Amino acid sequence: MSTEGVFSNTQLLSEQLTPLQALQPEPLARRYRLLRQGVNAVFFSLLWLLVFGSWLQPWWALPADMAPLVFHALWFIPLLGLLRAAYRWQADKHKHFALREHDISYSSGIFFRKMITQPVVRVQHIELKQGPLERKTALARLQLFSAGGALHTFEIPGLDLTQAQQIRQFVLQHKDALQDEQQQ
Amino acid sequence: MNNNNEPAAVPLAELNQTVSQAEWHRVSPIAILYFAVAVLRFFVGQFVYLIPPFILLFNRIKENPGLAIGLLSGLLLLIITAAVLKYYYFQYRLSAGTVEIRSGVVSKKYLNLPFNRIQNIKLEQPLFYRPADYVCLQLDTAGSVHQEARLVALSRPFAESLKQHILDLRQTEANAPEHTRPEHAAAVSASEPEQLLNQRSLADLVIHGISNNRIWLFLGLAAPFYNQLADKVLDVLLQAGIDLPAMFDPTQQSWFVIGLYAVSLTMFIMLLLTLFSILGSVLSFYGYTLHKKQDNYIRRSGLLTRHEVSMKFSRLQWVALKRDWLDMLLGRVNLSFEQINGQQQFATEQKIMVPSVTPAEATTLLADAYPDNQLRQIAFNPVSKRFIWRYLLLYWLPAGVVGTLLLWLQQQQTLALLSIVPLVFWALLIVMRWYRYGYAQDNNYCYIRRGYFGVDYYCFAKYKLQQVQFKQSWLMRRAGLCSVKLVMASGALEIPFMAETDGRAILEQGLYQLERSNKAWM
Chain Z
1 MSTEGVFSNT QLLSEQLTPL QALQPEPLAR RYRLLRQGVN AVFFSLLWLL
51 VFGSWLQPWW ALPADMAPLV FHALWFIPLL GLLRAAYRWQ ADKHKHFALR
101 EHDISYSSGI FFRKMITQPV VRVQHIELKQ GPLERKTALA RLQLFSAGGA
151 LHTFEIPGLD LTQAQQIRQF VLQHKDALQD EQQQ
Chain E
1 MNNNNEPAAV PLAELNQTVS QAEWHRVSPI AILYFAVAVL RFFVGQFVYL
51 IPPFILLFNR IKENPGLAIG LLSGLLLLII TAAVLKYYYF QYRLSAGTVE
101 IRSGVVSKKY LNLPFNRIQN IKLEQPLFYR PADYVCLQLD TAGSVHQEAR
151 LVALSRPFAE SLKQHILDLR QTEANAPEHT RPEHAAAVSA SEPEQLLNQR
201 SLADLVIHGI SNNRIWLFLG LAAPFYNQLA DKVLDVLLQA GIDLPAMFDP
251 TQQSWFVIGL YAVSLTMFIM LLLTLFSILG SVLSFYGYTL HKKQDNYIRR
301 SGLLTRHEVS MKFSRLQWVA LKRDWLDMLL GRVNLSFEQI NGQQQFATEQ
351 KIMVPSVTPA EATTLLADAY PDNQLRQIAF NPVSKRFIWR YLLLYWLPAG
401 VVGTLLLWLQ QQQTLALLSI VPLVFWALLI VMRWYRYGYA QDNNYCYIRR
451 GYFGVDYYCF AKYKLQQVQF KQSWLMRRAG LCSVKLVMAS GALEIPFMAE
501 TDGRAILEQG LYQLERSNKA WM
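Chain order of the listed sequences is Z and E. For the first sequence, UniProt numbering assigns the number 1 to the initial residue and increments by one for each residue that follows. For the second sequence, UniProt numbering assigns the number 1 to the initial residue and increments by one for each residue that follows.
Accuracy of the hints is not assured; some may be wrong.
In silico SDA-like links for lysine to any residue, alpha-carbon gap of 25 Å or less [what the hints assert, rightly or not]:
1) E/K385 / E/V424
2) E/K385 / Z/M66
3) E/K485 / Z/T18
4) E/K462 / Z/H125
5) E/K485 / E/Q374
6) E/K471 / Z/H96
7) E/K519 / Z/Q124
8) Z/K129 / Z/L151
Which bits of chain E does chain Z cover? Going by a derived footprint, with three or more residues having C-beta under 8 Å, they are [as the list claims (entries may be wrong)]:
9) 29 to 41
10) 263 to 270
11) 472 to 481
Please keep in mind that the hints were generated in silico from the structure rather than gathered at the bench. The model shown is predicted, which means the values in this text are computed figures rather than measured ones. C-beta atoms are modelled at their ideal positions from N, C-alpha and C, and glycine is treated no differently.
All chains, full assembly: derive it from the sequences and hints.
Written out as structure tokens, the structure reads:
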């Protein structure tokens with residue numbers, strides 16, 4: 001993690017600008033990937049156990065046309081779970097963020113790459129969100145709201161809590177941030 | 001208690017008082033009428049589904065008029081009482097820099113709105129306010145729907161001077177944050193006349209009605225009455241010697257004649273719809289004027305209820321010039337100044353639309369907003385032909401092949417052949433979409449062109465950007481292409497399949513402008 005670079009105070013000259021293309025992407029916390037794998041595994045295990053239980057249970061007979069379906073589900077669910085796990089692993093590996101002096105970028109996507117850049121000047125307010133599992137693992141989601149509307153809320157998932165707090169601080173202390181509010 | 005007897009210039013004196021000195025006022029009693037209409041509207045809105053059964057029961061009611069009259073007069077009494085109470089409990093207080101409103105009969109509401117939080121000021125004049133020249137002043141804040149304040153019945157001069165005061169306050173704050181010389185600025189601005197930018201004649205509105213169908217409005221309103229309406233129409237036609245069911249009965253007429261009837265009936269209905277559309281256009285845009293005063297655009301229009309919307313120039317996010325295919329034929333443009341689009345349901349109210357102007361007028365209006373824009377001269381870059389391939393291969397081809405094949409296999413050869421017609425149309429749409437897409441930029445502005453058969457132009461200052469997105473699939477990367485999404489407060493615009501170098505340039509320069517310039521977006 002190189003958040004120290006973030007807090008530099010160098011002057012911004014046009015020839016010094018780092019183009020978005022040349023940004024050094026920073027990966028998300030490794031725990032985030034593991035957590036998502038865990039959630040995936042637990043979900044598919046539970047689903048499989050449920051199907052397996054209904055296959056084994058002696059109390060009521062499955063309808064005749066359901067029986068083959070349930071049987072095939074017994075091998076299909078683990079396969080689906082594995083595929084999803086593999087996809088998520090790769091997808092999470094491709095999630096990066098990068099900070100410049102005046103904006104934050106978040107990129108994602110394996111085949112369809114997408115990079116969202118949110119200028120700090122246009123940030124209206126900031127939220128740090130933590131679900132119960134994220135709290136347990138000290139992860140956080142950082143949301144930056146602009147006037148672009150709810151559809152275009154900028155979010156970086158799976159940040160280290162301290163890192164997320166640092167970024168929030170960076171946005172709040174940015175000299176141009178929230179200036180619109182002061183102007184009102 | 002009543003401010004309306006005061007001369008127009010005086011009310012501003014109140015605005016120098018502190019909160020403790022200020023007095024609570026009631027609005028003019030004509031507001032009772034306003035509240036009555038509001039209550040009636042509420043009732044109709046709540047019980048609109050009761051109207052059709054009520055009409056069905058109409059014959060029973062005719063037999064028993066006493067009960068109906070009793071019910072109706074009870075309802076009327078209820079409405080009047082509610083309106084009077086609402087009027088009685090509606091009070092407002094003006095003091096330096098704030099307006100406070102107390103309202104509510106059962107649940108009390110108190111609203112304190114500092115003038116500098118006010119985003120938009122609208123004046124509305126329902127028909128029944130016109131004889132005595134009262135208006136309803138509506139103050140919108142940036143954020144929420146619930147925070148809007150309505151001062152329901154003020155005399156026009158009073159409302160105008162209050163509005164001017166609020167606008168001046170904003171103006172001086174923008175110029176000098178320390179409130180150095182408010183009086184001087186107010187004096188200057190008051191003497192500054194409104195500059196007429198555009199007005200629409202009745203002929204323009206008729207053209208607008210033809211090219212922009214507003215028929216859905218009437219269809220929606222008339223929905224509960226369709227069946228009755230159809231029966232009535234058939235009755236009337238029968239009396240006029242036209243028997244519609246017989247005309248369309250294949251046992252009585254030859255197919256050719258039926259076809260002829262069908263065509264003429266369709267034409268007739270189209271004509272009727274267009275007439276309704278024209279009526280709608282005239283209703284909402286009658287007497288349209290667009291003025292500019294200081295940095296505010298002021299739009300006034302309306303046949304029955306006159307609306308006045310003002311928008312501060314700095315709130316402007318983009319200018320859109322939209323042309324339907326019909327607009328293209330008639331040589332007109334719908335120009336709109338769009339601003340913050342926080343709540344979707346108010347999107348149409350928030351923007352200032354100038355209906356059906358000529359291209360020359362559109363250019364003048366655009367030049368007034370953005371003097372250094374180059375929309376007319378600039379050369380648009382096309383997007384890559386891969387755009388067509390993507391939509392053809394990804395959606396059109398699968399849907400076309402599967403759909404047609406299914407129909408063919410089900411022995412529906414005629415239908416399968418007929419399905420080619422919509423497929424061709426769809427393909428044409430995709431090609432036209434590609435053909436219309438275009439983008440350009442200069443030092444300060446971005447220009448985007450898009451559309452299907454019609455064409456829309458968007459022009460915006462780069463520093464208004466809120467967020468940018470860069471998208472690229474693996475295939476696009478190999479072809480050196482990308483898609484770019486530009487998010488602004490008024491919405492998002494996407495340029496698909498543009499050259500990667502251009503896309504990156506637009507993003508970089510946009511971000512650079514907005515981060516470097518430090519200009520506020522609103």
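These are the hints, each one checked on the structure:
1. For a cut-off of 25 Å, the pair hint linking E/K385 to E/V424 stands: about 18 Å separates their Cα positions.
2. Our distance criterion of 25 Å between C-alpha atoms is broken by E/K385 and Z/M66, whose separation comes to about 49 Å.
3. Under the criterion of a C-alpha separation no larger than 25 Å, the hint pairing E/K485 with Z/T18 is consistent with the structure, at around 20 Å.
4. Taking the CA atoms of E/K462 and Z/H125, the gap is about 22 Å. The hint holds against a cut of 25 Å.
5. For a cut-off of 25 Å, the pair hint linking E/K485 to E/Q374 stands: about 22 Å separates their Cα positions.
6. Of the supplied pair hints, the one linking E/K471 and Z/H96 holds, its CA atoms being roughly 14 Å apart against a limit of 25 Å.
7. The straight-line distance between the Cα atoms of E/K519 and Z/Q124 is roughly 15 Å, inside the 25 Å bound, and the hint therefore holds.
8. Distance restraint check for Z/K129 and Z/L151: the Cα-Cα separation of roughly 17 Å lies within the 25 Å cut-off, and the hinted pair is therefore satisfied.
9. With a cut-off of 8 Å between beta carbons, the region 29 to 41 of chain E has 0 residues touching chain Z; three or more are needed, and the interface restraint is violated.
10. For the region 263 to 270 of chain E, the stated coverage by chain Z is violated: 0 residues have a C-beta nearer than 8 Å to a C-beta of that chain, whereas at least 3 were required.
11. A stretch counts as covered by a chain when three or more of its residues have a beta carbon under 8 Å from one of that chain; for the region 472 to 481 of chain E and chain Z the count is 4, and the coverage holds.
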